[in-house]
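Here the structure of chain A is known, so what remains is to put chains B, C and D in place on it, guided by the hints.
So the protein lines, in turn, are chains A, B, C and D.
Counting from 1 along the first sequence, just add 41 to a position and that's the residue number in my numbering.
Counting from 1 along the second sequence, just add 41 to a position and that's the residue number in my numbering.
Counting from 1 along the third sequence, just add 41 to a position and that's the residue number in my numbering.
Counting from 1 along the fourth sequence, just add 41 to a position and that's the residue number in my numbering.
Calculated directly from the structure, the hints in this document are not laboratory data.
It cannot be assumed that every hint is accurate.
You can't tell identical chains apart in this list, so a pair holds if it fits in one copy or across any two.
[Unchecked claim] Taking lysine-lysine pairs in the PhoX-like style, the calculated list, with each CA pair at most 25 Å apart, reads:
| id | residue 1 | residue 2 |
| --- | --- | --- |
| 1 | LYS159 | LYS172 |
| 2 | LYS159 | LYS174 |
| 3 | LYS86 | LYS172 |
| 4 | LYS260 | LYS189 |
| 5 | LYS260 | LYS172 |
4 protein chains.
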Amino acid sequence: MYSFKNDYSEGAHPRILQALIETNLEQVEGYGTDSYTLKAIELLKQKIGRKDVDIHFFSGGTQTNLTALSAFLRPHEAIIAPSTGHILVHETGAIEATGHKIISVEVTDGKLTPDHIKTVIDGHTDEHMVKPKLIYISNPSEIGSIYKKAELEQLSQCCRENHLFLFVDGARLGSALSSKENDITLTDLAALVDSFYIGGTKNGALIGEALVICNEILKDDFRFHMKQKGALLAKGKVLGIQFLELFKDDLYFDLAAHANEMANLLRNAITTAGYQFLTDSPSNQIFPILPNSLITKLEKNYSFYIWSKIDHNHSSIRLVTSWATTEDAVMAFIKDLNSAL
Amino acid sequence: MYSFKNDYSEGAHPRILQALIETNLEQVEGYGTDSYTLKAIELLKQKIGRKDVDIHFFSGGTQTNLTALSAFLRPHEAIIAPSTGHILVHETGAIEATGHKIISVEVTDGKLTPDHIKTVIDGHTDEHMVKPKLIYISNPSEIGSIYKKAELEQLSQCCRENHLFLFVDGARLGSALSSKENDITLTDLAALVDSFYIGGTKNGALIGEALVICNEILKDDFRFHMKQKGALLAKGKVLGIQFLELFKDDLYFDLAAHANEMANLLRNAITTAGYQFLTDSPSNQIFPILPNSLITKLEKNYSFYIWSKIDHNHSSIRLVTSWATTEDAVMAFIKDLNSAL
Amino acid sequence: MYSFKNDYSEGAHPRILQALIETNLEQVEGYGTDSYTLKAIELLKQKIGRKDVDIHFFSGGTQTNLTALSAFLRPHEAIIAPSTGHILVHETGAIEATGHKIISVEVTDGKLTPDHIKTVIDGHTDEHMVKPKLIYISNPSEIGSIYKKAELEQLSQCCRENHLFLFVDGARLGSALSSKENDITLTDLAALVDSFYIGGTKNGALIGEALVICNEILKDDFRFHMKQKGALLAKGKVLGIQFLELFKDDLYFDLAAHANEMANLLRNAITTAGYQFLTDSPSNQIFPILPNSLITKLEKNYSFYIWSKIDHNHSSIRLVTSWATTEDAVMAFIKDLNSAL
Amino acid sequence: MYSFKNDYSEGAHPRILQALIETNLEQVEGYGTDSYTLKAIELLKQKIGRKDVDIHFFSGGTQTNLTALSAFLRPHEAIIAPSTGHILVHETGAIEATGHKIISVEVTDGKLTPDHIKTVIDGHTDEHMVKPKLIYISNPSEIGSIYKKAELEQLSQCCRENHLFLFVDGARLGSALSSKENDITLTDLAALVDSFYIGGTKNGALIGEALVICNEILKDDFRFHMKQKGALLAKGKVLGIQFLELFKDDLYFDLAAHANEMANLLRNAITTAGYQFLTDSPSNQIFPILPNSLITKLEKNYSFYIWSKIDHNHSSIRLVTSWATTEDAVMAFIKDLNSAL
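Only chain A is shown next, with the shape it has when bound in the complex (with noise of 0.2 Å):
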């Protein structure tokens, strides 16, 4: 049985455990003020190209998020989200729980415009209904789309029109800039964003993501909130030397793009099969349409979600390869695929 349901079931890659294992006995500085997580401080802001930004880790995404979003935002502020988002439906009211709503933009391609932001804005009026103030995407979205630079550059300008933070939740970042459809480098993102993360936990980490906070004013006190919140790793270094390895020869960038070949092969074999796509995904994760009979068949050896029923007959399914995906693995999928029509 092989799993294409996430890409969070290994662990991490063998070098990021290397490395943990070379600094395992040395005696460093908790909470994060090691000199390995400096030094990983210092190569992310020159592969985003800026020494301005501030940069934390964290161990989670939903810990980031939830730390990020309640900092950034007074009691009052809302979060704009697209209806897919996953701190809307699956964090477990994580954002609600540090008492701020979060205003749902019915969406099918995974992605916010400009004008579900600003009807959005135009509905709310007074002081009677909650003050919108952060815009909250996903790059990849939840179901594998990606945004280019002209749509981000548009929301951007969107955002400082309206007095709105642009906050990039970055889960799978790595899956979405080395998609071959991508056209965002690192730098494009810390200049047209208030804040992203760098997802490590589902490219290679063992755990951790990187937030990464380019607008000044969201940077004050920002320890203060991750301590509040629980996210001060007294071993801080655990997720400093993961970082530093990640990043100091691209080795982050290889893996999405691994993960990323491994769901290119599958959607080719599946389009030359003959069926459809639930949306249009060119990173990790895609939704094949089946015949349920088919998804029958597969599920003996491969596991994944059942995502959504189309019709009577036919249902789309989940497909999430990763850095840890094996090309045999993917071909065994593809022959028995083509095998079972």
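Showing chains B, C and D alone in chain A's frame:
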């Protein structure tokens, strides 16, 4: 420069990293539903001698405290804690951020007694004040003292008589239970308190704390609370594997006993050298009172915290030992101490 | 200029002020423990026909909603509400500010059905999502519709089967229960729901809402929650005296019936004049669809809200009547409407 | 039985009710945007001598405190308050429920000094602790003492030097400013503090407190916070009309002066009778220390709180006077006191 500043300076015990490597590429379920985590839970239940407790793994102590205490309490219910309590002083208001007041009880030895509790209860008489509902203690306390079984029994009885939950912060529980003065077992603990946690981060783990919920009425829906607070790691197996390794042959207690022995060597030598201690600490943190001139000399080769000013010429310092503290370093410190006299 | 903008434009019914004057200089206990408040509670219990409900007085609707709902729920539990629900739209995220997510269900008539609820329940399957626990409805709804007894019975049964609390926002409950289409009594309400409130502010009181808690398990320590949210008035008798006056001879229902009659006069005349309505509203809010040119003429002598754009030439407006609306004003409006044709 | 238990036993000063009656049937705008409220705001600005302050009306003190303090602070920021502070003791954790820690400073006279503040600031050095940001004081304090102008100036300077906000709980501000020992004006107050409130409930109003925000950076979006906390009354005019009446000819200060005079009569008589006081209180609350036998006798005809046990035979009691306290009642108490000797 050798550090006695804390017990989280180094990484993990080598066996922990080895266990992570061995299981690294297996595909497992996410969010702590993998077989390693389930085995770790079973193993801990065996060690505790109770099948009916619930066990959940966290990545840090503040996260454990804030998730558990906010899950256990209704909005108007408050916590009683000794004035030295970690949640009162060093967690950036994490508990209050979840909406709950902590009532501080002035103590000198880091420990609460039934009399303390009764005084608070007597002073909280109606709905204009919060309702005390949970007693927070740490074992060992933040200043190194430990609870004897008789003391814990009295606290437990007081709590049951007053419908209070009793919670033990066990960030350094290994050190307490491995202390030569200790007469409490894990089984005792589970019988006497409503919930406690077994700290891994400060005793050999890379990261990790194991929360044990003994009281049936505190168990419901606990994973919802974890997810909401950002505490459910996607790669939850990282925590399970560590606890499995720490407890499969009592490595956990061996490491704590080593830390205590190192502290004991220091304590004896300092006593022999004619110095007093701020507190009576039979665990891995000791607080000798030394002349400032001696402290200055020791600071050349050793790092540690200066804890408090005693008089014009003396201060207390905090020396912390751990599983990783070497006897060589301890002997060197003692030698330097004696030669500085 | 006569206002049909809302039902809180005027002060209190004269009998309310008279009651306040008559009792003004008596010395009584504070915080709602005075004899007037206790008598008002007894009287309401009689009207409801239940001795075992708890009753608490508040100064406003948002305060009632946020105090009750946050007291009734644990942190991970969420509310299901129709998309028109007041707590979703017009309370500035008051519920989310207490930490709870509200799940919005798209509705056209302002009302929830068991099917809506089941769909939400089916979609919330594990700890990565909030746990739906409380159903919020308003009677009448924010767009004037009311629940029939059979509908409420179905909702009630659905809630019990799914372990959900059912809560009714009764900001305009008088209007619903006095509607000619209504077949629900206060006794029915207390039997079918877990908690509801009887709105005073919009039906003759100066300020005041009476929360009724029917479900035993929601009653504990409720006054603690009120105090914590700033809802316990020092001069609590101000609220008790008003409800005593409103209910001692059914003044409350008489006032609501008057408001409904005034709305009915308007509705009939507008229908006769050939216009349609946005919603079928048998309560004190009606939403006629009028030509924009007619609206402009009416705005010269009457104030009201333009509710929504219907097409290029038509809009719906909201006309609200109250205990204080005079038949003269209604007749003048009708005359102006007809003469404008 | 005459009550000296508190200053909210009676309703409102008759002129207040008269003003409510006179304006009762006028149709006005809701939520505090009516002409009466606007006039009350202008009048208060005149009395304060500042056009640039913002003023908002609330229905109670706890509601005012929790709304203002949570609006003024970011999540990691904490409040410093004297141990007697109302928010620390008698508001059921209302402030903590909004997420903020209150740091208690042990005081004997109910008042904070710059030394207290500096000690707390010195002890809060990094992100592992909350960040003190707002100083909460009450004038008069909860035990009757008042601040002199020089003391307030020192506090103000200390706050500005340390980037702290200074907030004054003025639940009984009338009594403080009308005390014979007072040398502070409303204008002084607005110049020296960042925000304060003028309590109406305990000085002649039916309900009502007026929050004054002096510091520009605390003003933004304040009505959003009010709505979110349930503090915006639909019939907001009820509050505005009362403050308009209280301040249009200094009724507010006349009422407070009367209360103080009544307390003064009691104080002088008790002093003459040879008794001491727990605190030096020049406001409308006094705390005489009396023999328990005398207290028992007085309790036959008067109700009051027994404040604290002094020794085996003596206790302190609290006597509170108000605008409604009659000289007859005071004289009767004094007579009974003397005849009981």
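Could you work out which earlier hints the structure fails to respect and list their numbers in ascending sequence? 3, 4
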